[in-house]
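Enquirer: Those protein sequences? They're chains A and B, same order as listed.
To convert a position in the first sequence, counted from 1, into this note's numbering, add 30.
To convert a position in the second sequence, counted from 1, into this note's numbering, add 569.
Quick caveat, the hints were computed from the structure, so don't treat them as lab data.
Beta carbons: idealized from backbone N, C-alpha and C, even for Gly.
Among these hints, one or two may not hold up.
Said to hold, decoys possible - Straight-line Cα separation of at most 25 Å, SDA-like style, residue types lysine to any residue; simulated pairs:
#	chain 1	residue 1	chain 2	residue 2
1	A	Lys-62	B	Gly-654
2	A	Lys-62	B	Lys-801
3	B	Lys-801	B	Ala-752
4	A	Lys-62	B	Ala-717
5	B	Lys-884	B	Gly-654
6	A	Lys-208	B	Val-594
7	A	Lys-62	B	Gln-759
8	A	Lys-62	B	Val-728
9	A	Lys-62	B	Thr-714
10	A	Lys-62	B	Asn-657
11	B	Lys-822	B	Val-728
Stated by the list, open to error - Not the full set, but computed from the structure, chain B residues with beta-carbon under 10 Å of chain A:
#	residue
12	Asp-581
13	Ser-760
14	Val-904
What the hints assert, rightly or not - Estimated spans, in silico, between C-beta atoms of each pair:
#	chain 1	residue 1	chain 2	residue 2	range
15	B	Gly-654	A	Trp-197	25 to 35 Å
16	A	Leu-151	B	Thr-709	45 to 55 Å
17	A	Ile-137	B	Tyr-683	23 to 33 Å
18	B	Val-646	A	Arg-134	37 to 47 Å
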Amino acid sequence: MTATATLTLRGAARLYAGAEAPGHGEGGPASKRVIVGYGFWIFLLSDIVMFSAFFAAHAVLQSATDGGPSGGDLFHRQAVAIETACLLFSSFTCGLSAVGAEARRMIWTQAALFVTGLLGLAFLLLELREFSAMIAADAGPQRSAFLSSFFALVGCHGAHVSVGLLWLGTMMAQLLVKGFRADIQRRLLCFNLFWHMLDIVWVAIFTLVYLVGGAR
Amino acid sequence: MTVRSEDHTRLDVAPGAMDAKRESVREGVESYLIGLALSALLTAAAFYFAQSQWIWGPSIPVALTVLAVAQIGVHLVFFLHLTTGPDNVNNALALAFGTLIVALVIGGTLWIMYHMNMNMPPIERMPTPVAEVARHRTATGVIETASAAPVAAKVAGVVRALTCDVGTRVQRGQLCATIDAPALDRAVAQSEGRLRTAQERVKHDQAALDAAQARPQRGAGAKRRIETLQEKVGRDQRSVAPLQQELDAAKAKLADARIVAPTDGVVLLRNVEPGQAVTPNLEQPIFLFAPDATTVEFRVSLPGSLAAALKPGEKVVFTVDQLQEQSFDGEIFRVAPAQSGEAAEVVVTASNPRAALKPGMKATIRTPAE
C-alpha cells in the first residue's frame, strides 16, 4: 500500500517535471540566475519605456527654441563622437568582464571592470563639460522648451551612467572581498545588462538628439 | 525530477548570459569583438552620413534612424546575447512587449502633437502673450449677484420728464428721467456764441485780405499790409478749432441730463417728482434699480492711481479661474474713490444670460500698469 503510494507520487512528480505545469517550465523551475536576470531584464525594459517618454517629449519640442539657440548652434559633433566612442568601448570592456567572470578569472574581470569605469567616467566628464558650457552660454534648461527637454533626456541618461559607475565601484569591491560567489555572479550579470542598456539608450540619443537634432 | 543533459538547450537562459550555451572564453570574446566592430562601423556611418552630401537631405533622419535601429540590434545580439532560440523566448517576448510600448508612447505622442500643432493658431495670434502680462496689473474679486444700483443726478437741475416708476421693467440704457439743467444749456449756448464770433472774425478778415490782394499793389506799404492781414487770418483760423472742441464737450455734457437705467432690471425706488430740483449727490440717489438675476458683479481693489483711469461705463474684459480662464465682457459700474492713499474699490458688472458665472467664482481683470 505504502509502496504503491510512493510509486504514484514519483510518477506524478515525473509527470510534473515533464509537463508544462504552471510556474515550472520544461525541466523544472528555472534557476535563480535565470529568474534574477529575467526580472532585471523586465526592469530595464520598463526603464526604456520611461526613456521613451523623454524621447517623445524631446521629439515634440525639438523646434520649440523660443528664439534661442537650436541644436545646430549648440552641439559639437566631435565631442559627441568621443562620448559615443567612450560608451561603446566601455560596453565592450563590460562584456569582457562578463567573459572573465564566467571563466572565474579575478584579475581579468577586475581589469575589464576598471577600464569600463574609466571610460564611463570619461563619458560623464565630457557630458558635464558640455552641459556647463551650454549653461554658461545662456542655453540652460530654462532657456526654451527645446533645452528643457534636452537636459531632461540627456541628463536622465547621464544620471543613469552616474548610478552605474557607483554600482560598478561596489561590484569591484564585492568581487574582491567575496570572490566569484553565485550571488556576486548574479549581480555582475545584472550590472552587465544595465551597462549595455545605457549604451543602447545612448545610441538613440546620439542619433535622434545630436545627429538629427543637430541638423536643425 | 532529474534533468537529462539533452534538455539543456530547452532551459531558459538569463538575458545577457551565455552560460547555457557553454561558450568557451574565446567564443565569448569573439562575440563581443564582433559586436564592437559592427557597432563602431554603424556609429561611424551615422556620423558620416549626418553631414555628408551623399544622400538626399530630407532622407538623412530616416537613414540615421535605420542605422540606430541596426546598431541596437547588434547590441542586443552580440552584447546581450539575445537570440531567437527556444531558450530565449521569454526574454524576446518581454523585449517585444517593451518595444510595443515604446512605439506606442513615441508614435502616439508625435501623432497627437502633430495634429494639435496643425490646429493651433500661429503664436503671434495667441491670447495673453507673456510680455504683455508684465505690463498689466491684475485684480481679482469674487462674483456675487448684483446688488441694487443707486443712480443719482450728475448735474443740478429740475426734473422735467419721468418715464420710469417703481416696478417698471427697464433695459440697460433706457431713459428714465430728463433733467432741465440750465447750466448745461447755458454752457452750450455760450460755446456756440464764442464759436460763431470766431467764425465771423475769420470771414471778416478773409474778406479784408481778399480786397487788399485784389487792389493793384504798389510800394512796400501795400505788401506789408497784406502780410499783416494774412497773419491775422491764420491766427483767426487757429482759434476756431479749440472753440469747436469746447462746444462738442459741452454738448456731450448734455448727456448728463439724461438719467438712464444702468442695468437690466426693475425700478425699486423713485425719489423724485416731476418739477423737483435735484443736485449731483450720490448720497441722495433719485432711482434705485434692482438688477436682473442675470446680472452679476464683483469688486476689486486697485491702487488709487490706476482706479482713477477707469470710468464708469467703460468696458473691461475679465477672466474666471474656474472656467478655464475663459474671458467675459464686463463694465465698470462704479469707482469708489481712494481714501487717503488706500486702494480704491472698483465695482464691475457683467450680464450673465446663460448663468455661466456663479456666485463665489473668482474673476480677474487686467488694467494697464501705469
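Enquirer: Hint compliance check: list the failing hint numbers for this structure, sorted ascending.
Expert: The structure breaks hints 2, 3, 4, 5, 7, 8, 9, 13, 14, 17 and 18; every other hint is satisfied.
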